[in-house]
Each structure stands twice: as C-alpha cells, then as structure tokens.
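*Asks:* Add chain C to chain Z, keeping to what the hints say.
Protein chains: 2
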Amino acid sequence: MYTLPEAQKLVENHIQNLSIPDAPPELYEPVKYVLSMGGKRIRPALVILACDLFADAAEAAMIPALAIEVFHNFTLLHDDIMDRSELRRGKPAVHVKYNENTAILSGDVMSILASRLMNQAPGVVLNAVHDIFTRTAMQVCEGQQLDMNFEELLTVSEEQYMAMIELKTAVLIAASLQIGATLGGASQKDAEDLYQFGKNLGIAFQLQDDLLDTYGDPAVIGKKVGTDILDNKKTLLMIQALDSADAGQKKELTEWLTCREFDPNEKIRAVTEIFNTLNIKDLIEKRIHEYYEKAVSSLKQLNREEGRKAELYHFASELLNRDR
Amino acid sequence: MYTLPEAQKLVENHIQNLSIPDAPPELYEPVKYVLSMGGKRIRPALVILACDLFADAAEAAMIPALAIEVFHNFTLLHDDIMDRSELRRGKPAVHVKYNENTAILSGDVMSILASRLMNQAPGVVLNAVHDIFTRTAMQVCEGQQLDMNFEELLTVSEEQYMAMIELKTAVLIAASLQIGATLGGASQKDAEDLYQFGKNLGIAFQLQDDLLDTYGDPAVIGKKVGTDILDNKKTLLMIQALDSADAGQKKELTEWLTCREFDPNEKIRAVTEIFNTLNIKDLIEKRIHEYYEKAVSSLKQLNREEGRKAELYHFASELLNRDR
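Just so you know, the protein sequences line up as chains Z and C, in that order. Using my numbering, you'd call the opening residue of the first sequence number 1 and step up by one each time. Using my numbering, you'd call the opening residue of the second sequence number 1 and step up by one each time.
Only chain Z is shown next, with the shape it has when bound in the complex:
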C-alpha cells in the first residue's frame, strides 16, 4: 500500500522518465517543458491509490495515471492561451515562452498522447477506462466553456457556478479514482462510489481554492490574494455575497464589478470588507464541509476494509485543512 506522498513521488519519477519524441523539437520541447514544471501530481497519485485499494500491484496503473496527468497539463496549456494567463507555476506559459501556434499544436499532441498512454491499460478494462476518460475529458472542455461564458455575464447563479466547477475541476479528480479502481479490478459499484467521493472532494477542493484566493496567506499560498476579485470572477464568494447583500452593499459590489478604473488594492480591500460583513468566509467553509461530508460518506459506503481506505480519508482531511 502506498501513501499519497509515496504515490506522488512515484508519479513524478515516471513523468520525468516518460518517453516523449524528440522531433520536431518545435512541437515536443514545449510538451517536455510543461511536464517538467512540477505540480502536485494529485490526479495520477489518486489513480495509483484507488488501484491500490483493490489490487496489490498498483504499478500496473502507472501508465494510465500518466495519461491523466498529461491530459490535465494539456488543459492547463490550452486554458492559459484562452485565459491570456502569462504565468503557470511561476514560469512563463507556453504561449508566452514559445508562441500561440506552438501552444495550440503542442497541446493538441499532448491530448492525443494522453489517449495513447491510456491505450496501454490492460485489454480487459481498456474499453471501460477509455470510456470514463473520454467522457470526462469532454466534460472538462464543457466546464472551461462555461467558465469562459461567465466572463461575459454580470451575474451567475449558484447553480450555474456549481455546475461549472463540477465539470471543470471535480470530474477529472473523480475519474482519476474511478479509473484507478477499474484498473484494480473493482466492481462498477465500488468504482462509482469512489467517483462520487472524488467528485464531492473535487468540488470542496475548488471552493477551498476560491476561499484561499481571498483569504489565504500570501506567504503560504505563494501568490497574491484578491486576484479573483480583481478579475471580477463570479466565484461562490461573490455569488453568495450578492445574494445576501442589502441594497447598499449590492450597489457597492455592482459598482466594483463594473468599474473600469480603480486602485487594485482599494478594490480588494473594499470587496473583502463586504465579504467580511456578510460572513462569506463562514458560509463557504460550511459548504466545503458539506461536500467533504458527502465525499466521506461515499468512501464509508465503499466495500473495502477501513484500513485500506485510511490514505484516502487522510487525503480528504488534508484537503479540508489545507492553507495552500
């Protein structure tokens, strides 16, 4: 049985040794660049841990785990073009370091490479694993589309927001667990329970991310706070604030959301102050707990001895208490 950090380390080693073609270098160097940037390797590690729950040969899940990580990094690469993000993990994004065409095409080849790696799953589960993978991959695109749509909207409902983060973030975490379980020989029911665990945890994870963007400690999270506020992101914080604001607060929030010239620090300070007055932090923390509890109840249902599940419980509670 692996611990999460062991699985993460194992994945990292395999990613560094992943055989990527050399030619043409203009196509494949950006792929190597993206994959060498690091990251927590949470998704592939979850593939390993989920497989480990059912089989004592989790190494067999390694190549499909890498497929998930390559796919995830492909989405980051293309998202950075679409979102005009210049930095990724503190380094220049591919479309900045190289150029936009390179970023499009290198991303394309990564997406195909992910599918090619997934094709190394054992024949007996190949169809099932590919089915989960491609269904999920399409959903991730749908989530990114919804996220882009929200930029054009002045208001987004809570329901719309939750649907978006489920697609953009949660389903890939869920699918990582479902694929790992399937590779380990789990029943469809057990793999589905793990999917639900991952989905709810993924939602909690994203809400935590949103919370840290406003309330994190810059020294700990390693980036500035308030970027969502500056970008007028309709996160659950803003949606809840607009929902519970009185007329005056609503007017002030709307002014900040539509105002074109402002002092960034003043905007962050003023919006955060309204959030504070409305107890938004507590509200979101409550929601995070609800999703955490849902996740844990799926894990409890899972038909494996509790001892084998320990690492996943641990992972869930670490996620809940993270400060970065």
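Derived from the structure by calculation, the hints contain no laboratory data. Since we're looking at a predicted model, the values are computed, not measured. Accuracy of the hints is not assured; some may be wrong.
Label pairs and their calculated CB-CB ranges [claimed, not checked]:
1. C:E192 - Z:P122: 23 to 31 Å
2. Z:E273 - C:D83: 44 to 52 Å
3. C:N149 - Z:P218: 40 to 48 Å
4. C:S317 - Z:P122: 38 to 46 Å
5. Z:T155 - C:S85: 34 to 42 Å
6. Z:A57 - C:S317: 52 to 60 Å
7. C:S157 - Z:K224: 44 to 52 Å
C-beta atoms are modelled at their ideal positions from N, C-alpha and C, and glycine is treated no differently.
*Replies:* Relative to the frame of chain Z, chain C by itself:
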C-alpha cells in the same frame, strides 16, 4: 460490397445523424457547423472500403470511420487558426465565424470525441485500432509543425518536403485503410499492405493538390490558382524549380520569394512561366505516377481476390486523373 460513392454517401448520412451534445451550445455548435460543411469524406469511406475487403459487414466499421472524419475536421479547424485561413470550403472558418477561443476549445473537444468514437471499435481489435489511430494523430501534428516551420525557412529540401506531406496528409489516409482492414479482421501483413497503398496514394494526392494549385482550371477546382505561389509555399514545384533553375532563373525566383510589394497576378504569371520553362508540370506528374505505381503494387500484393480490390484500384486511378 460498396462502391466508393456509396461509402461516401453512407458516411455523409451517418455524420449528419451523429449525436453531438447540445450544451453548452457555445462549445458544440461550432462542432456541428464544421461537420455539416461537407467535404468528400474520403478518409472514412476508405475505412469502410478497407473493412469491406475482408468482411461483408462493413457497417461495423462506421463508428470508427466517423472517428477518423471527426479527427480530420478537428485538424482542419485548428490548422485554420494557426494558418490564419479565413475560409474553409467557401464558408467562414470557425475562428472567424465565432472566435479564436471557441475554435481552440471546440477543436479540443472534437479531438476527444474522435477518440471516444474510436473506443466503440470491437474489443478484439480495440487496442490495435487505438494504437494506429493515436500514433497517426500524433504524426499529423508533427506534419503540421513541419509545415509551419517551413514558413520560416527560405529553402526547403525535397526530402524535407516529402517527409512533411507524408506526415501531414498521407499517414491519415494510410491509417484509414489500415484501421478499416483491422476492423474487417485482416492479418497484420494485409493491413500493412493497405497502409502502404494509402501512404503512397496520399503522397500522390498531395502532389496533385499542389499541381492543381498552379495548373488547375479555376472553374473546375472552384478556387483561384496561384495561391501557393503568392504564399511563398515551398511545394515540390518550387523546390524542383529552384533545383533545376539556371543562375538567372534562380535569381528571379528568389526575388519573387523575398519581394514584399508586388502585383499578385504578375507574380503568379512570372513564377508559372519559369515553372513552364523548366517543365515542372511534367516533372511533378512523373513523381505522381511513381507514387501511384508504388501504391498499386502494394494493392497487388494484397492477399485478396482481385475482384474485391476493384473499387480501390478505381479510387487510385480516379485520384491520378482528377482535375479538382
């Protein structure tokens, strides 16, 4: 047994009935738009014909055939962004009709959809079919990268050019036949023979395309001639011309290739005249014949009765004699 036009028509019907999700419409409408634009549906029809060679139930190859067509259209969509092409089949390209982000993301989801459709191949050949498909898909990206690289180069060798068109165009035609044959239960050797048939035919096809761009009848090909000359494309025509030109002709060609201000019609006329003096049309036609002969010899080798191969011979000779 299907004829090529029958297979094309069958494919067209299935494409029009292909179930594409509706939501979010911003993501999937461009996919439907691209797939409704028409096109000759050659590649999926070849999947059907190749399967038909070995099995009398070629309909079973339909979904993988659609996968190939969806993938091909995905590459056109992303190529149009990268090449800044505004028109596709006489209609606005997706990045023009919608916007660039939409074109990137809709292309991404098409690539995944192609993989998802391919996953419907029967279990006994699923791994083999996916393997051919993903290997080929990566090669198509490599070909597009080489094509983009050539824009930055003043000279491209014949060897470089042939390698590029093999990757960008020929291998997908080849793989369509190999996948169809595999679906039909062909031996690996027979599927490989068909691959070689398709690869050499694909090269001949691309050279014919290049030839028509300069020497086609605008009324028949449905577009202007000379666009490759205006875009300074290093096609085999230009490469052969530069190779066989005397000092004066070489100087004139180089001037046209580097000159920034010119009368387009005058440039086309002057370059075509040099091509004519150097007999470039004959040279290229000779090369096309060589690849056609290579293709046909692979088809002859194929261990099936000649009667069953008639439609593929017919396809090859039509390709050779096409004027559009």
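*Asks:* Now tell me if each hint is right for this structure.
*Replies:* Status of the hints after comparison with the structure:
1. C:E192 - Z:P122: 23 to 31 Å: holds (25 Å)
2. Z:E273 - C:D83: 44 to 52 Å: holds (50 Å)
3. C:N149 - Z:P218: 40 to 48 Å: holds (42 Å)
4. C:S317 - Z:P122: 38 to 46 Å: Holds - the Cβ-Cβ distance for S317 of chain C and P122 of chain Z, about 44 Å, lies within 38 to 46 Å.
5. Z:T155 - C:S85: 34 to 42 Å: Holds, at about 38 Å.
6. Z:A57 - C:S317: 52 to 60 Å: holds (54 Å)
7. C:S157 - Z:K224: 44 to 52 Å: With Cβ atoms ~51 Å apart, the hint holds.
Of the hints listed earlier, there is not a single one the structure fails to meet.
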